[in-house]
Amino acid sequence: VPFQAIPREQSFFGLFERAAANVAAGARELAALSSNLADGEAASGRLRDIEHEGDELTHRIMATLNTTFVTPFDREDIYRLATVLDDILDAGEAVADLLVLHRIEEPLPELRQQAEVLVRATEVISKAVSRLRSLTGLNGYLIEINRLENEGDRIYRKTIARLYSGEFKAMEVLKWKDVLDQMETAIDGCEDIANVIESITLKHA
Amino acid sequence: VPFQAIPREQSFFGLFERAAANVAAGARELAALSSNLADGEAASGRLRDIEHEGDELTHRIMATLNTTFVTPFDREDIYRLATVLDDILDAGEAVADLLVLHRIEEPLPELRQQAEVLVRATEVISKAVSRLRSLTGLNGYLIEINRLENEGDRIYRKTIARLYSGEFKAMEVLKWKDVLDQMETAIDGCEDIANVIESITLKHA
Amino acid sequence: VPFQAIPREQSFFGLFERAAANVAAGARELAALSSNLADGEAASGRLRDIEHEGDELTHRIMATLNTTFVTPFDREDIYRLATVLDDILDAGEAVADLLVLHRIEEPLPELRQQAEVLVRATEVISKAVSRLRSLTGLNGYLIEINRLENEGDRIYRKTIARLYSGEFKAMEVLKWKDVLDQMETAIDGCEDIANVIESITLKHA
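Residue numbers (the numbering used here), protein chains in the order written: chain D, 1 to 205; chain F, 1001 to 1205; chain C, 2001 to 2205.
Just to be clear, a hint being listed does not mean it is correct.
As the list claims (entries may be wrong) - Subject to a maximum C-alpha distance of 25 Å in a straight line, what follows is the list of computed BS3-like cross-link-like pairs (lysine-lysine):
(1) D/Lys169 <-> C/Lys2175
(2) D/Lys177 <-> F/Lys1169
(3) C/Lys2177 <-> D/Lys177
(4) C/Lys2127 <-> F/Lys1175
(5) F/Lys1127 <-> F/Lys1175
(6) F/Lys1177 <-> C/Lys2203
Claimed, not checked - These stretches of chain D come out as covered by chain F in the derived footprint (C-beta under 8 Å, 3 or more residues):
(7) 154-161
(8) 166-179
Stated by the list, open to error - Non-contacting residues of chain F with respect to chain C, defined by C-beta distances greater than 12 Å in every case (computed):
(9) Phe1013
(10) Glu1056
(11) Thr1068
(12) Val1070
(13) Glu1076
(14) Ile1143
(15) Lys1158
(16) Thr1159
(17) Ala1161
(18) Ser1165
(19) Gly1166
(20) Ala1170
(21) Lys1177
(22) Ser1199
(23) Lys1203
(24) Ala1205
Just so you know, the hints here were simulated from the structure itself, not pulled from any lab data. Heads up, the beta-carbon is just placed ideally off N, CA and C, and yes, glycines get one too.
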């Protein structure tokens, strides 16, 4: 065939949709783990598989970016979107790893609350990303992601306050701080994604 | 009126001047708080207002950037300048938050010393930013910002050494490390701003 | 002479080769220090000299970037390569500083293992950077850097698990965590460099 039926640049949308769905799958895995640490090693392995799938998708997005002259959005926005999706998965994998490395047996209920926020935020991201083709109907999703990030922030701060209140020993504080920070980093990444998407919509307004 | 009397791009200068003045106001609030923690919750609220004002200004700078074809500086420099001004305020707000969250009642004198360095550095930044229109007389300001960042670094390192010397309990070390790190991040941001401004001057030399 | 015999852009290659060799020298200094902490202050000083040399080279790369219209690679790749080389040295200097500040007298053997990985990775980086002119024979180097980063990651995780296992007191954990994190940051930077170089090769494929 002399011509590509689908212009190459269109592949960005499909790759981003798969990457966003993969991030949401990682968040669900993390929520399951946060409710039941007995399954730590196995869940950690499944998250690692999801993270490898994410790496593969990031790699394909970057390779497409590097070989495409006309992109549907600014190159830097494509780069940032791929990078931040990857960052969320990295932080999620770090949560699972730290739970295992620190041999944490009893999860803080607040970790599960954070994970539930992450699940909801990544599901909204997935919906938002599927609207990048049309760039319509995005506003409600962006507001919802910001609302969820604020909720995550509130949970994180409340938990840190409890952690340092004297109720826990220093070694426990050290272990949990690592875990909670990574979960907060994952949730923060959702807001970064909302910011990139907002910036894309502004440029195409 | 058929034409804009003031070309749109000129608005960047005014927005950056307001953003820099806002950052300096935040630093002064932080210095007051570092001298008197009794006022923690109220000062934390005032800093949050300043941070919201900063977010609003950042948002307007980014919106202007996304809708302006000819910018007075490279787009990436405008983006970085806005981002780093925002980062300084975020770190400053985190300092105030952590003092409250960790229920710290007695401030380390070193925190006040750091805050004073931040006040002076942000005042110099404010002066430097007001010279972005003319790009003259900047060199002295940049040198002064770097000198202050080095002074902040010296204070930070001296304080960390004392913190880990055995004089403090592990829980105290954990709490203070968080606070001092955020203050050091705010001061480091001042050097980042000097670097962006230097890069702008080099391109227009 | 009316014309430059060597086009200006060629100077990037020489500057990057010197910067990469300087980073490798820093890694060797760090490995020596990790084996023998008695020499802490002096080694810390030598690393600081190497770091200043690195700052000078970064500065020259950035100045050349800001005044060159046609660059051998994308401007952003040159910027990132210079930035990440600088980050590795910064993290290395932080390791040496923290060993002194925390008055650590007995090194963990795992720190030396990390340092050895960093030495090998920075030597491979140096070889890879010297091939940026031709962009040939890079693949094997990139694979080797990634393999070493994975090895560093494995050592880091094993060490963190031991550190939090109950064998160490909270204050020791606090001190060592800082040091190990900075060393891990330095090793992670090597992977970032491999990624930038890969991105350059893809664009010129």
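Hints violated by the structure (listed by number, smallest first) | Structure breaks hints 4, 5, 6, 13, 15, 16, 17, 18, 19, 20, 21, 22, 23 and 24.
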